[in-house]
Structure formats: C-alpha cells, structure tokens
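Colleague: Chain order of the listed sequences is A and B.
Quick note on numbering: my numbering labels position 109 of the first sequence as 109, and the sequence is numbered without any gaps.
Quick note on numbering: my numbering labels position 231 of the second sequence as 231, and the sequence is numbered without any gaps.
Incorrect hints may appear among the rest.
Just so you know, same-sequence chains aren't split out, so a pair can sit in one copy or run between any two.
Claimed, not checked - Simulated pairs of lysine to any residue, SDA-like, Cα-Cα distance not exceeding 20 Å: (1) K322 x D298; (2) K322 x I297; (3) K222 x K248; (4) K267 x I250.
In case anyone wonders, no lab produced these hints; they're calculated from the structure.
Small disclaimer: the values here were computed from a predicted structure and weren't measured.
Protein chains: 2
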Amino acid sequence: MSRTSGQVHIIGAGLLGTSIGLTLSNLGLDVSLEDSSPAVTKLAIDFGAGRELKETDLVSIVVVCVPPDVTADTVISALTRFPNAVVTDVASVKSSVLEAITAGNADTSRYVGSHPMAGREKGGALSGRPDLFVGRPWVIAVEATTVATAAEQIEKLALDLGASPIRMSAAEHDRAVALVSHAPQVISSLLAARLVDGLDEDLALAGQGLRDTTRIAASDPKLWLQILVANSEALLPVLSHFSEDLNKLIVSLQEVESAGALSVIAKTLEAGNQGIARIPGKHGSRNTAYASLVVMIDDKPGELARLLNEIGHAGLNIEDLKLDHAAGAQVGLVELSVLPKIEAALIELLATKGWKLAG
Amino acid sequence: MSRTSGQVHIIGAGLLGTSIGLTLSNLGLDVSLEDSSPAVTKLAIDFGAGRELKETDLVSIVVVCVPPDVTADTVISALTRFPNAVVTDVASVKSSVLEAITAGNADTSRYVGSHPMAGREKGGALSGRPDLFVGRPWVIAVEATTVATAAEQIEKLALDLGASPIRMSAAEHDRAVALVSHAPQVISSLLAARLVDGLDEDLALAGQGLRDTTRIAASDPKLWLQILVANSEALLPVLSHFSEDLNKLIVSLQEVESAGALSVIAKTLEAGNQGIARIPGKHGSRNTAYASLVVMIDDKPGELARLLNEIGHAGLNIEDLKLDHAAGAQVGLVELSVLPKIEAALIELLATKGWKLAG
Numbered sequence: 001m002s003r004t005s006g007q008v009h010i011i012g013a014g015l016l017g018t019s020i021g022l023t024l025s026n027l028g029l030d031v032s033l034e035d036s037s038p039a040v041t042k043l044a045i046d047f048g049a050g051r052e053l054k055e056t057d058l059v060s061i062v063v064v065c066v067p068p069d070v071t072a073d074t075v076i077s078a079l080t081r082f083p084n085a086v087v088t089d090v091a092s093v094k095s096s097v098l099e100a101i102t103a104g105n106a107d108t109s110r111y112v113g114s115h116p117m118a119g120r121e122k123g124g125a126l127s128g129r130p131d132l133f134v135g136r137p138w139v140i141a142v143e144a145t146t147v148a149t150a151a152e153q154i155e156k157l158a159l160d161l162g163a164s165p166i167r168m169s170a171a172e173h174d175r176a177v178a179l180v181s182h183a184p185q186v187i188s189s190l191l192a193a194r195l196v197d198g199l200d201e202d203l204a205l206a207g208q209g210l211r212d213t214t215r216i217a218a219s220d221p222k223l224w225l226q227i228l229v230a231n232s233e234a235l236l237p238v239l240s241h242f243s244e245d246l247n248k249l250i251v252s253l254q255e256v257e258s259a260g261a262l263s264v265i266a267k268t269l270e271a272g273n274q275g276i277a278r279i280p281g282k283h284g285s286r287n288t289a290y291a292s293l294v295v296m297i298d299d300k301p302g303e304l305a306r307l308l309n310e311i312g313h314a315g316l317n318i319e320d321l322k323l324d325h326a327a328g329a330q331v332g333l334v335e336l337s338v339l340p341k342i343e344a345a346l347i348e349l350l351a352t353k354g355w356k357l358a359g
Numbered sequence: 001m002s003r004t005s006g007q008v009h010i011i012g013a014g015l016l017g018t019s020i021g022l023t024l025s026n027l028g029l030d031v032s033l034e035d036s037s038p039a040v041t042k043l044a045i046d047f048g049a050g051r052e053l054k055e056t057d058l059v060s061i062v063v064v065c066v067p068p069d070v071t072a073d074t075v076i077s078a079l080t081r082f083p084n085a086v087v088t089d090v091a092s093v094k095s096s097v098l099e100a101i102t103a104g105n106a107d108t109s110r111y112v113g114s115h116p117m118a119g120r121e122k123g124g125a126l127s128g129r130p131d132l133f134v135g136r137p138w139v140i141a142v143e144a145t146t147v148a149t150a151a152e153q154i155e156k157l158a159l160d161l162g163a164s165p166i167r168m169s170a171a172e173h174d175r176a177v178a179l180v181s182h183a184p185q186v187i188s189s190l191l192a193a194r195l196v197d198g199l200d201e202d203l204a205l206a207g208q209g210l211r212d213t214t215r216i217a218a219s220d221p222k223l224w225l226q227i228l229v230a231n232s233e234a235l236l237p238v239l240s241h242f243s244e245d246l247n248k249l250i251v252s253l254q255e256v257e258s259a260g261a262l263s264v265i266a267k268t269l270e271a272g273n274q275g276i277a278r279i280p281g282k283h284g285s286r287n288t289a290y291a292s293l294v295v296m297i298d299d300k301p302g303e304l305a306r307l308l309n310e311i312g313h314a315g316l317n318i319e320d321l322k323l324d325h326a327a328g329a330q331v332g333l334v335e336l337s338v339l340p341k342i343e344a345a346l347i348e349l350l351a352t353k354g355w356k357l358a359g
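Isolated chain A (complex conformation) (with noise of 0.2 Å):
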C-alpha cells in the first residue's frame, strides 16, 4: 500500500510529528519516535503514533519536527546518529535552515528539507490528526545539489501523508509563505492586539468578519517569533508594500475632500476583491464553483439526518454541509454545497420532500 518502505523515525512529537506518526502507523509501516520529553515520548506512543526507538534499528527516513530554532541542530545530528538515513525537517522556514546545516559540518547529501502546509491553532501530541495532511501541499525544498534519490524519498512520504509535493527551492518556498502565511500572521495580530484597550461594549458588537480576521491571532507566540525572525528578509518586504498602501491609505481618509482622495480609497478596496480572486480554490483550482443551497430545518435530534437521508437515497452527493444555529431560534440553516450539474435536481428533490429554501 505505501510508497515509503523501512522504519520512519520521528524526532519531536508535537501536532506534526504525532500527525505523522499515526498516519504512517495506520499504513502499517514501521514507525519510532523521540520527543526531547520522555513524558511525550510516552504520550504520543500511547496515542498510537509509533513505537519506541531500539539501539539495532536500522532507521531508513528521520522526520524532524521540533521547533525551528532547533531544527538545524537536530537535523545535523540526526545525519551522524542515523548514517543511512534521508534525513528530513518540517520547519515552516527553509533558507535559514539549510544554511546552518550546510554550515554544520554533515552530509548534506541526504538532507532534504520539507514544509507541509497544514497546522492547527492548537498544538501538542494530542491534537495530532491521522488526515492532518489530506489534500494540503507539502513543500519538498530542492536545490541545485539536492541528491534526486533522496528527494524522491521525501516526496512518497509525503504522498503517503495524502500531501501533494510541490518542489520549489528554499528560497522561493521562504518568498512564498511570507506572503501567504507569515504576513497574514503579523497582520492578524496587530489587528487583533487594537482590541486589548476596546471597550467591552465595543467588543459586543463583533461580528464574524472581526473572528475571522483575526482567529490565527491565537496561534503560539513562541512559535511564531522563531518563524518571523528566521523569514524576516522574505518577510520584510511584504510589510513594507502593506504599510505603505495603509499609510496612502490613512492620508486619503484625513483629507477626502482632496483630490484624488476618494480613489486611492476605492482603488484599495479593489484590490482587495483583486487579490482574492487569486486565491485557489478549497480543492486547489482557481474556480472551484459549487452550486450553494440553504435550507432551513427545525432545531431538533434528527432533522439533519432526514434531509440528508433523502438526498443520499437520490443518490445525490453533497461537496460540502455547514450547519449554521442561530442562537434562541427553533430553526437551523444548512448549506449545501454540490456539483452544479446535480443542483436542478436537488432543488426538484428538496421541493418534492416539502424542504424550505432559505434566501
């Protein structure tokens, strides 16, 4: 069934190494791990994440999943403890990495690092998840002296994961994520640190746009000075563009009776519907369009699974279902979202069953 063949050894047992752990588990290789704590150690093998290393192992693949100021280190030291093993890392930044290792006098040539794209705001062995990684890109970093045989390896790993490898080197993978993930990160923070000093009746009035806008916020600090200090030269010049376009931005809104004022306000938030259109779709392409259908249903055990019942008995697949409760009301809302060719049906289908259409 997997790709990858010989014992996987993870070093570091947090929500990657312990994801990585179960899944690879649960294809039946052969998996150990370490964790710099004995206790975790022991948490993550009693969560089914792999097994204890042996002295004779003969280890085929290290998987280091520590924190990044420490990646480099345990990387160079796994290449000596582990002589015939492709040694890989999940550090969310590449360049800085490497370069400590090469630095550091070991075999690179079975180094290759890797970053998949997956994560949760909550950390640890226990919010491991065997499907942590279905379906997100996991960057394999190649460079010009990366051993091909090596990286290969990394990318079945990752295939087994349920990733989808994308090859790019350090240095554009670090431009990448500091404009889709480190900015984002900085940009969540600030505007959510604006509501330290905010009334209590101000912050009654949030609504979903403010918790979304700022629901990475709650990632780990510690984690997160790391990354942003390891990426601060991709990182940089995205927050220089950002504060430059606010500070126009602040100008105009000063003086709106100026000329030009207006525009640079409109021609901010078009941009804005600009950048993201750019944005792939959920399940990768650019225009993932599902048909979206609501229904209402009465708040009670059962309801759900009536409606969903009759949809599968048509054989009609749904793509996607968010149940939404308002709060106090004796009703739920469903959206449904499928395939636009069977949306006819479905509307011909939830009408003949007497289901309300909400909107």
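Since the structure of chain A is provided, determine the placement of chain B on it from the hints.
Modeller: Positioned in the frame of chain A, the structure of chain B alone reads:
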C-alpha cells in the same frame, strides 16, 4: 405574537430591506416596500418580503435600508411623506447620518437611527434571509434628545426580527464599529491587495489562515468606500495605532540583533493572543464551549445521513456541524459540536456503531 403593531414600510429592497420584510411578513405583520428600482421592488414582493405601498396606507414605522450616501436624504423625505410614522435607518454609520438629518429641516422627534450587526458578502434582494438578524446585536442609536417612545418602537422591531437591541449614542456606535468592523475591513482589503502581484506558485501554498484573514476583502467596494469615508473620524485613530505598531515591528525585524527587538516582536504576538481572547463567543457569551468531535466518513452519498441518523435516533442534538472534504481523498471529515454534557454519550454511540474518530 409580534411586539410591533401597525404597518411597516421598507425603503430599499437590498439584502437588509428584503430580510427585514421577509421576517416581519412571516410574523403576520402588514409590510409594504419600495425600491428606487421598480424591478427590484417587484422581485422583493415576489420573494415574499411585503406588498406594494398604497396611497391610502397609514404607515406606523418606516425602515430606510438604502446605501449610506443617500440614507440621510431618504430619512428626511420619509419624515415628510409619512407624517405619523417613526422612521429608522440601518446604515453602518450613525453620526454623519444624524448630523445631516438634523441639518435638514425635518421633524427629528420621530427619527431613531439604528444598525443591525448582520450582513453577508453577497448583497441584493435574493440574498435576503428571514434569519439574518437572529441573535445579532442591533444598535439603537439614542441621544439626549431621542423621544423614548420612538426608541422603544424601534427596539421592539429589532426584537421581532430576533436581534438583541443595544442602546448607545451615534458617536459610541461609530467608535465601536470602527474597531470591530471598519478597521478589520480595511486591513483585510490591504492584505488581500498584496496578493495581486503574487506568483501563482506562491499562491498555491495558501492555507486556511490566508483565506480567513482575507475573506471580507471580497466585500462591495462601492458600499465600503461610503462607509469608510463617513466614519473616517472614528476609524483614523485605530488605523494610526495599527500603523505605528506595524512600523515598530518592521524596524525590529530589520534589526533583530538590536536590544529589545525580539521583545517587540514577541509582545506584538502576545497582544494578538490577548486581543482575540476579548472577543465574545459566537452566542454572545465569552465562554461558549462546545465539545467538538471529528468523525471520518466515506465520501459517498448517504454516509453522512447514516451518521446523523444514528445520532438522531439516540436523541443527541448537534449544535454545529462542519463537513470538510479533502481534495482527492475518499474520506470526508465531519466536525460535530455538541453540548459538553452529551459528549461522552456521543463518543460511546460512535464507537458502538463503528464510526472512526479522527485525532
């Protein structure tokens, strides 16, 4: 049933006007409506949001649901056209509207501004939903000069629509929405604007963090230009503080070796943690804690129904449900949120029935 009595007339049949009309009509109230576009008026009437206005009508309440830049003029004209009615509006800014109405020579004793904290990215009559306001804050803008009975009538209207009325002055309202709504809109648009020049391969790494932080950047630029300009006075201090914080962070990232630089970055991230902790929970309380379980199901018609059927048969009620559908994978992930008191029963049921829990 309803607290409101008499005929309600709605001016402007967009998302808000139509949603108000639908709910009040469902309650059995006599609702008339008009839109500057006769086609839109007809559409909203067909949709069930009300009937056409007749010359002989005696209107009790007028709800002005037009764009912010024409709100004041429409309110002034409504006060003249409907000499016995209390008039409210639902614009996202309140001080500038109030000033313009006060400056216009109208009977302001019958005017009470208001603002429902509800909306969708999609506008228009067909996006109207009878549940749009359920559980949402609805600001009733009261000043020292506001006539108590008039404010009470608008408060009852908000309650009939399922909203939670909150009294504050126009100035207090504008300060609050600058922080929790208008600043997030600006920041989200500016962040999304950074993507316009991004490379396709960089954007391919986009994850949920980027999607959440930029979601509201898809909002209507024409509407938001009006809102930002109308509320620039309250918005500018928030944006200026943000800009100062951002610039401090940029300087620290440029010189991470200098004294205090790391501390500035760490404090920014920690302030983000503190800020997000101040946002009240989805249902208005600060600590809505649902227990959350993730079940893996096969991706075929009827599987979700079977799951929910079994939960429904056991008499267990689901508060929220999210179906996540991994690209290319033959499994779906169903996140079930339930009241903590039934979590154990649900886990037992799922195990008995052979469902796989993820994570």
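Colleague: Are the hints correct? Go through all of them and say.
Modeller: Outcome of the hint check:
| no. | hint | in the structure |
| --- | --- | --- |
| 1 | K322 x D298 | both (15 Å within a copy, 18 Å between copies) |
| 2 | K322 x I297 | both (13 Å within a copy, 16 Å between copies) |
| 3 | K222 x K248 | between (32 Å within a copy, 19 Å between copies) |
| 4 | K267 x I250 | within (13 Å within a copy, 25 Å between copies) |
Violated hints for the displayed structure: none, as all numbered hints are satisfied.
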